[in-house]
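Chains as they are written, first to last, in my numbering: chain Z, 1 to 438; chain Y, 1 to 82.
There may be inaccurate statements among the hints.
[Said to hold, decoys possible] Listed below are the simulated EDC-like cross-link pairs for lysine to aspartate or glutamate, each with C-alpha atoms no more than 20 Å apart in a straight line:
| id | chain 1 | residue 1 | chain 2 | residue 2 |
| --- | --- | --- | --- | --- |
| 1 | Z | Lys238 | Y | Glu41 |
| 2 | Y | Lys8 | Z | Asp154 |
| 3 | Z | Lys426 | Y | Asp60 |
| 4 | Z | Lys66 | Y | Glu15 |
| 5 | Z | Lys22 | Z | Glu81 |
| 6 | Z | Lys66 | Y | Glu3 |
| 7 | Z | Lys109 | Y | Asp60 |
| 8 | Z | Lys426 | Y | Glu79 |
| 9 | Z | Lys177 | Z | Glu211 |
| 10 | Z | Lys66 | Y | Asp74 |
| 11 | Z | Lys426 | Z | Glu408 |
[As the list claims (entries may be wrong)] Chain Z stretches covered by chain Y per the calculated footprint, using a threshold of three residues with CB under 8 Å from any CB of chain Y:
| id | stretch |
| --- | --- |
| 12 | 55-68 |
| 13 | 389-402 |
Since the hints were made in silico from the structure, they are not lab data.
Keep in mind the model is a prediction, meaning the values are calculated, not measured.
Note that the Cβ used here is the ideal one computed from N, Cα and C, for glycine as well.
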Amino acid sequence: MYDLASNRSQTAWRSKPVAKKKTEILVIGGGPAGLAAAEAASSHGKQVTVIDENPAFGGQIWRAEKSELSEKAKNLVEALEKNGVEMIASCTCVASLPDKRILALSNGKTFPIRYDKVIIATGAREQFVPFPGWTLPGVFGAGGLQALVKGGYDISGKRIVVAGTGPLLLAVAAYLKKKGGNVILIAERTDLLSLIGFGLSALRVPGKWREALELRKEIRGISYMTSSSVLWADGNGKLSRVTITNDNEESEIECDLLAIGWHLVPNLEVPTLFGCDLLACAVNADEYMRTSVEDVLSAGEINFVGGLELSLIEGKIAGHSAAENLEAARGLLAKRSRLLTFASSMLNTFLTDPEELRKAVTNDTIVCRCEDVPYGRVKDLKGFNEAKLETRLGMGQCQGRVCGSACEVLFGWEANSVRPPLVPLKISELANFETENK
Amino acid sequence: MAEILRYKIDGTEHEASPGTTVAAALLNVGVTAFRISVSGEPRAPLCGMGICFDCRVTIDGVSNVRSCLEPVADGMEIETGG
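Pulled out of the complex, with its shape left as it was, chain Z reads as follows:
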């Protein structure tokens, strides 16, 4: 039998060996919310384990640059390790098992982790909306391109168009420029008046205006269009130009890379596995971050996509709450509520009409990238299930992670692809199952 684990041990980067298979509080996801939760829970003397699918902690916003943890993540991780928190990177939760256990996958091995309480903090991913040419190499999610650059992708001199909507576009454009990218255009879908309205509401939040001014300085010189979006992307085997519309005028722009960002959507696969109640495409947790399932808590962007500060505070509340110290959690509730209000106002500014997003799609536009299912084959079907049965949409390697939310936007369908294992497993990985007694 092919032994994946021993074969890869010669070359591949290794996460630390798994020391314990049993913990009091298990945190799934090592981004800001998960790290803050671990810190709060361990401050009450609880034994805490944090797992994360990525090779380094910090989540997307504190993503490591070439495996060097960002300053904030580094400080937190070091403090956690000092407190005896067990940190396991490159470790994926693939299933929820009976008797308060998860099935974890790491380094080609599967093993159970037993917990008393679990805090899910799996964060958010980018919403992708299909348009003609979006499958061409060179088309990336905005956050996706930023993540790849942090992973060592050298973009110096590349001509880049940044498009979509939301403040993330500015942050990404500033980052790409700093890394030597030739950012030629930011195309923002939202109209100027709504943006001004949002800017004014942001002024009421301390610190936000300074952030905005800094960003403006950093993106100086990049042309910025409002009411503008990408209609299609072209190229022979890779991206070479995009066609954009700006106030109903079309123009072609030669470029090497397109970074396109819509909204973020919560990563609901893990909470769904646990059977947590969902509400409006997010986990329905109470103010103490308790979900509908006993001993299962959730924190951060899976509850509401509201940014870093909100994730941190929710993480802290969840940590205190999981350690059964509601008193400590209570002191943070007012701040959380303020941050939620601001985050909601932002969401309303950049809410894009689904009708607008559908306009760009043609019958040939691929909707499911794994199975290459075009829009024309699914548009008249009745729902996600029927599309799966008829066309294999949502049944490929990504298990509907990309086309699921795309279909929600395009057709209003509720995607329901979540089942264990959460990522495709190899027989060898299951065969390498380590029991708790080992």
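Model the placement of chain Y on the given structure of chain Z, informed by the hints.
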């Protein structure tokens, strides 16, 4: 850790600095077809964070590895176009 990592893409040797992900390394040498889709189109990373599975390649004989989640290691052998 070695200052320069040597690894192979489809049999050809390349170099990368430590901490580079396999996805970034492939993009840096100009690979566009990380994999070939079921209808024969070249595909490259979209999400950069382990969601889309479009960056999957074969690493050291193990197929369907998400290259965006895997750092380059010395001696690694990567196969694309699967």
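Is the Cα-Cα distance between Lys66 (chain Z) and Glu15 (chain Y) 20 Å or less? holds, 15 Å
Given the hinted pair Lys66 (chain Z) and Asp74 (chain Y), is their alpha-carbon gap at most 20 Å? Holds. Lys66 (chain Z) to Asp74 (chain Y) sits at ~15 Å (cutoff 20 Å).
How does the coverage statement for the stretch 389-402 of chain Z fare against chain Y, requiring three or more residues with Cβ below 8 Å from a Cβ of that chain? Three-residue rule met by the stretch 389-402 of chain Z, so holds; n is 5.
CA of Lys238 (chain Z) to CA of Glu41 (chain Y), is that 20 Å or under? holds, 10 Å
Verify the proposed pairing of Lys426 (chain Z) with Asp60 (chain Y), using a straight-line Cα cut of 20 Å. Since the Cα atoms of Lys426 (chain Z) and Asp60 (chain Y) sit roughly 15 Å apart, the hinted pair holds (cutoff 20 Å).
Would you mind confirming whether the straight-line C-alpha gap from Lys22 (chain Z) to Glu81 (chain Z) stays at or under 20 Å? holds, 17 Å
Holds or violated: are the alpha carbons of Lys426 (chain Z) and Glu79 (chain Y) at most 20 Å from each other? holds, 18 Å
Quickly compare the C-alpha distance for Lys177 (chain Z) and Glu211 (chain Z) to 20 Å and report which way the hint goes. Satisfied, since the Cα-Cα distance of roughly 17 Å is no more than 20 Å.
Would you mind confirming whether the straight-line C-alpha gap from Lys109 (chain Z) to Asp60 (chain Y) stays at or under 20 Å? holds, 16 Å
Given hint Asp154 (chain Z) paired with Lys8 (chain Y) - CA-CA distance at most 20 Å: Status holds; Cα separation ~19 Å.
Would you mind confirming whether the straight-line C-alpha gap from Lys66 (chain Z) to Glu3 (chain Y) stays at or under 20 Å? Measuring from Cα to Cα gives roughly 13 Å; hence the hint holds.
So is the stretch 55-68 of chain Z in contact with chain Y by the C-beta rule, three or more residues under 8 Å, or is the coverage claim wrong? holds (count 7)
In terms of the numbered hints stated before, the structure departs from hint 11 and from no other.
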